[in-house]
Amino acid sequence: MTSYTQYTTGEPVADTKAPAGPVHERWDKRRFEAKLVNPANRRGKTVIVVGTGLAGGSAGATLAEQGYRVVQFCYQDSPRRAHSIAAQGGINAAKNYRNDGDSIHRLFYDTVKGGDFRSRESNVHRLAQISVEIIDQCVAQGVPFAREYGGLLDTRSFGGVQVSRTFYARGQTGQQLLLGAYQALSRQIAAGNVEMHPRTEMLDLIVVDGRARGIVARDLITGRIDTYFADAVVLATGGYGNVFYLSTNAMNSNATAVWRAHRRGAYFANPCFTQIHPTCIPRTGDHQSKLTLMSESLRNDGRIWVPKAKGDTRPPAQIPEDERDYYLERVYPSFGNLVPRDIASRAAKNVCDEGRGVGPGGQGVYLDFADAIRRMGRKAVEAKYGNLFDMYQRITDEDPYEVPMRIYPAVHYTMGGLWVDYDLQTTVPGLFAIGEANFSDHGANRLGASALMQGLADGYFVVPATVNDYLARNPHQDEVTSDHPVVQEVLAETQDRINLLLSVDGDRTPDSFHREVGELMWEFCGMARTDSGLRKALERIPQIREEFWRRIKVPGTGEELNQSLEKANRIVDYLELAELMCLDALHRAESCGGHFREESQTPDGEAARQDDAFSYAAAWEFTGTGEAPVLHKEDLVFEYVHPTQRSYA
Amino acid sequence: MARTAWDSTVGKKTVMAVSGLIMLLYLVAHMIGNLKIFFGAGEFNHYAHWLRTVGEPFMHYEWTLWLIRVVLVVAVVAHAVSAYQLSRRDIKARPNKYVHRKPRASYATRTMRWGGIILALFIVWHILDLTTGTVHSGGFETGKPYQNVVDTFSTWYGNVIYIVAMLAVGLHIRHGFWSAAQTLGAGSRTRDRALRTTANALALLLTAGFIAVPVGVMTGVVS
Amino acid sequence: MKLNLRVWRQKNADADGAMSTYEVDGISPDMSFLEMLDTLNEELILKGEDPVAFDHDCREGICGACSLVINGDAHGPERTTTCQLHMRSFKDGDTIDVEPWRASAFPVVKDLVVDRSAFDRIIQAGGYITAPTGSAPEAHATPVPKPDADLAFEHAECIGCGACVAACPNGAAMLFTSAKINHLNVLPQGAPERETRVLDMVAQMDEEGFGGCTLAGECATACPKGIPLTSITGMNREWLRAARKAGKR
Chain A
1 MTSYTQYTTG EPVADTKAPA GPVHERWDKR RFEAKLVNPA NRRGKTVIVV
51 GTGLAGGSAG ATLAEQGYRV VQFCYQDSPR RAHSIAAQGG INAAKNYRND
101 GDSIHRLFYD TVKGGDFRSR ESNVHRLAQI SVEIIDQCVA QGVPFAREYG
151 GLLDTRSFGG VQVSRTFYAR GQTGQQLLLG AYQALSRQIA AGNVEMHPRT
201 EMLDLIVVDG RARGIVARDL ITGRIDTYFA DAVVLATGGY GNVFYLSTNA
251 MNSNATAVWR AHRRGAYFAN PCFTQIHPTC IPRTGDHQSK LTLMSESLRN
301 DGRIWVPKAK GDTRPPAQIP EDERDYYLER VYPSFGNLVP RDIASRAAKN
351 VCDEGRGVGP GGQGVYLDFA DAIRRMGRKA VEAKYGNLFD MYQRITDEDP
401 YEVPMRIYPA VHYTMGGLWV DYDLQTTVPG LFAIGEANFS DHGANRLGAS
451 ALMQGLADGY FVVPATVNDY LARNPHQDEV TSDHPVVQEV LAETQDRINL
501 LLSVDGDRTP DSFHREVGEL MWEFCGMART DSGLRKALER IPQIREEFWR
551 RIKVPGTGEE LNQSLEKANR IVDYLELAEL MCLDALHRAE SCGGHFREES
601 QTPDGEAARQ DDAFSYAAAW EFTGTGEAPV LHKEDLVFEY VHPTQRSYA
Chain B
1001 MARTAWDSTV GKKTVMAVSG LIMLLYLVAH MIGNLKIFFG AGEFNHYAHW
1051 LRTVGEPFMH YEWTLWLIRV VLVVAVVAHA VSAYQLSRRD IKARPNKYVH
1101 RKPRASYATR TMRWGGIILA LFIVWHILDL TTGTVHSGGF ETGKPYQNVV
1151 DTFSTWYGNV IYIVAMLAVG LHIRHGFWSA AQTLGAGSRT RDRALRTTAN
1201 ALALLLTAGF IAVPVGVMTG VVS
Chain C
2001 MKLNLRVWRQ KNADADGAMS TYEVDGISPD MSFLEMLDTL NEELILKGED
2051 PVAFDHDCRE GICGACSLVI NGDAHGPERT TTCQLHMRSF KDGDTIDVEP
2101 WRASAFPVVK DLVVDRSAFD RIIQAGGYIT APTGSAPEAH ATPVPKPDAD
2151 LAFEHAECIG CGACVAACPN GAAMLFTSAK INHLNVLPQG APERETRVLD
2201 MVAQMDEEGF GGCTLAGECA TACPKGIPLT SITGMNREWL RAARKAGKR
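Chains as they are written, first to last, in my numbering: chain A, 1 to 649; chain B, 1001 to 1223; chain C, 2001 to 2249.
Misleading hints may appear alongside valid ones.
[As the list claims (entries may be wrong)] DEER-style ranges, computed between Cβ atoms:
id, chain 1, residue 1, chain 2, residue 2, range
1, C, 2246, A, 492, 54 to 64 angstroms
2, B, 1208, C, 2140, 52 to 62 angstroms
3, C, 2147, A, 386, 11 to 21 angstroms
4, B, 1189, A, 353, 45 to 55 angstroms
5, A, 639, C, 2140, 41 to 51 angstroms
6, B, 1124, A, 386, 56 to 66 angstroms
7, C, 2012, A, 44, 30 to 40 angstroms
8, C, 2188, B, 1062, 48 to 58 angstroms
9, A, 19, C, 2140, 49 to 59 angstroms
What the hints contain is simulated information worked out from the structure, not anything from laboratory work. Note that this is a predicted model, so its numbers are computed, not measured. Don't be surprised by glycine CBs; every beta carbon is placed ideally from N, CA and C.
Let's have the full structure, built from the sequences with the hints guiding it.
Written out as structure tokens, the structure is:
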């Protein structure tokens, strides 16, 4: 590990694609400057899209509508199952239907500020601009958004924002938006414009002559490892929260595609920026396989507390009022229970670390609706939160109308990802990254209801335009076939890795390693990070990696459906990505957004950003497994939203 | 369009629903006619004769009756053929049963299939018994339906066959009527209760009305 | 808790399958059903045996991947998805039968994993509104009455898990197909393709080898999202309407 932390700083990296000029004109200008491919020639161009979530599904459908030949992949049995489906809250759009003072500029401002000034202004402004078109597009597709009695769309305020700009479909907005994209994609599959490969997982990227020209993917049913070629590759493979083992991600969400792309030359930006959501259902024991999120809206009426005394094991009803600590209300009197996600999460961790946590293992705090029920009546609480209460009761077998809910923070979203320019192109020409897979729009912290907005903006509107430009500027690429030496080499490497995993025949299961690295990351690279903790993790990770290759046991063969093999192969990449996350967290000796360094606090214990030293995005270049990477800084310039320190006290 | 309809499972179900409803209408009329037996041989036989002269002088003797018979045969055949084809398809669509069996899983489906087969057999017997007289127990006399009916229900097996079949009719209508309404798109959440009640009432009414005759014979009310 | 599991094991699509018996111990009532299977699989791997393959992903009841028939019920005894079923629904010492979805249109891939791509092809046949990106009018241009929007949403909730097919004695996909048809046909945006949608989707459904509906109602009982049986009635109505119109043309 000693060598790994000795990273070097290379040439700065900069976005060269965003045009100069007023921020609100940049996207129009960029689209106008973009070259176009003659519609007649598009059929001959192949674009690979990996992933079928909001970003991938919408990108695949739109590129196919434009006339390109799209070859698309997902590891799930159907493109409809991508994890975007689980998003609950809603999608932001600057429609200003409420006439409450919202505007594109305000959404832009809120997003830059919410991201704690670690995002790129050009990208965020474009996101806010496009947000308006997304709603139109989705409504036209038949997405059943909530409506008012007049037949117009309903909106609500979300995540502590002062305007009502969040469009929603009950608690299933992600599902409805995803099905809209899936249906658009299905139409293109039926039309023969998209060749869909479900249950096929990307295992590597093929880079020929410095350009992304295809992927290596494994058919999860037959085990066949195959190569697929294209003129451009779009990664829409989501975030890497599953490094932590327990997260709100789907069980099979993984980082293999982005990590393999990183190994092949794409820079990885801000890997340490992870969002930890404060209102998840706590774990019940070691058997826990994943965590379930409860909508943030619960904090609007619920009061968060823990007992004042350590190790108080009395049932909540027997703890009198004056022995309860409503710690958020106490510490943040003006915002109370509505402080931003990162603050609420950290505060919960602190009281639990003090030994005042509740529930099994002391890893939980109460979210109490007793006052709300007294104030609004049970009926009103039921109308507002009924489905969430039911979900909570189904999972925990406790009735939240009678007993306070127990909540605990959990890994939810990763703001970091592959570094991309304004065109969403990575540092490998021809390789694009969209949605949660890239790092672009959320800075160090993502606001509620913004992930869906970004996924669809990237997929429906941004990447189709920029891929078009890329293909127009590179009209004649040599044909790549499977006998190309580079292809042979990548294929062989992939095959070797699979064979190696199967041949170790050790005495530990894939899950045991995943859990181990996950717990390590949660402990040292979770809600609060320290120099010494991160160094400890950086020392431990290579050891786990070494042990992995010595003791991993993968039953079965590679020529069949083998879920253990799939898992083990993903863990190989987690074990490398985890190291980079820790290094990134270690090098960023400031606190910002979801990244809290204990060494960088204000006197009253709040996150202290250090703009002089860290107003940049950290884009890391891979040099070898366990080898010190090279840091490339992208300086962040704030022309419109000037950095200020957040204060919620 | 006819081709699409017949090719489609939904189309075949529509054929079943429409033919079923035609038969149901017929059954209602048939039952009302049957009940005339309680008013004596004169009225019953007169009614039977009238059936043959309906529509005169426009229609010739028995033309109307034959017309009805043709419609019924078409309905029965259409109903049976679609039922057969749909059942074949259904069985093919679910070739492997669950190892862990749940008895309730196919209650309505099974009653409809077995009930339908029972009813088909019954119709054959019923025509051979009381229309053509081929398998009639006593001395069958054309034009003397009252006596023929009394003869049939004076044998134990006549009663057993008839009553079992009428119970099957009841069960068949109970699910079939409601089911036909769904197939024809007439069901809705607000109407569901009314439809189910109507189905139950029709089933009960028809079963009771039909069974009244053998019961009448057995108890001596009709002799 | 200690449980006896009888699990369907089948090496691949072509192999014969059979129920195998396993004993699992130390099961917490707080575990989800899938976490219980995880426990079994961890033991199997260490013993050098092939773990049980099953589909799962989000484990919060929305992706529709999980698909187990537990003691003869699709998704088990509670009205929810398998991933949201907890072991407290069972008793210590219980014997639990775990089987894959059964329908000829859903062939078994391995163990408890089945191929549900037929659903995708039904959607591809017409389960969409043609609205290419960029062509959309302003969202408020067409108001949608709230009751229609709510009705559309209720049907749009379908997660495509296939429990309806698994529970149906005829292996029919009527509830799945009707849910999408009702979702789109009730909206003004879906009106232009209203007839072709229902005719094409029903034709594809038949093509895939799903059975017909006998209105046994098992689908609606098994549906974790509560799609009502009247959804099928609505589809029939749409189909008849479309068939009539097509006949006139």
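Do the Cβ positions of residue 1208 of chain B and residue 2140 of chain C conform to the proposed distance bound of 52 to 62 angstroms? Once the Cβ atoms are compared, 59 angstroms apart, the range 52 to 62 angstroms for residue 2140 of chain C and residue 1208 of chain B holds.
Range first: 11 to 21 angstroms. Now tell me if the beta carbons of residue 2147 of chain C and residue 386 of chain A are that far apart. With a Cβ separation near 20 angstroms, residue 2147 of chain C and residue 386 of chain A satisfy 11 to 21 angstroms, so the hint holds.
Please check whether residue 1189 of chain B and residue 353 of chain A have a Cβ separation lying inside 45 to 55 angstroms. At 53 angstroms between Cβs, range holds.
Quick check on a hinted range of 41 to 51 angstroms for residue 639 of chain A and residue 2140 of chain C, using CB atoms only. At 33 angstroms between Cβs, range violated.
CB-CB spacing for residue 386 of chain A and residue 1124 of chain B relative to the 56 to 66 angstroms hint: Hint holds: Cβ distance 58 angstroms, inside 56 to 66 angstroms.
Is the hinted range of 49 to 59 angstroms satisfied by the C-beta distance from residue 19 of chain A to residue 2140 of chain C? Given a distance of about 32 angstroms, which is not inside 49 to 59 angstroms, the answer is violated.
Consistency of beta-carbon spacing, residue 1062 of chain B to residue 2188 of chain C, with hint 48 to 58 angstroms: 56 angstroms, holds
For the hint 54 to 64 angstroms, verify it against the beta carbon of residue 2246 of chain C and that of residue 492 of chain A. This hint holds: roughly 56 angstroms between Cβ atoms.
Taking 30 to 40 angstroms as the stated bounds, is the beta-carbon spacing between residue 2012 of chain C and residue 44 of chain A within them? Holds: the Cβ-Cβ distance is about 38 angstroms, inside 30 to 40 angstroms.
Hints 5, 9 from the earlier list are contradicted by this structure; the remaining hints agree with it.
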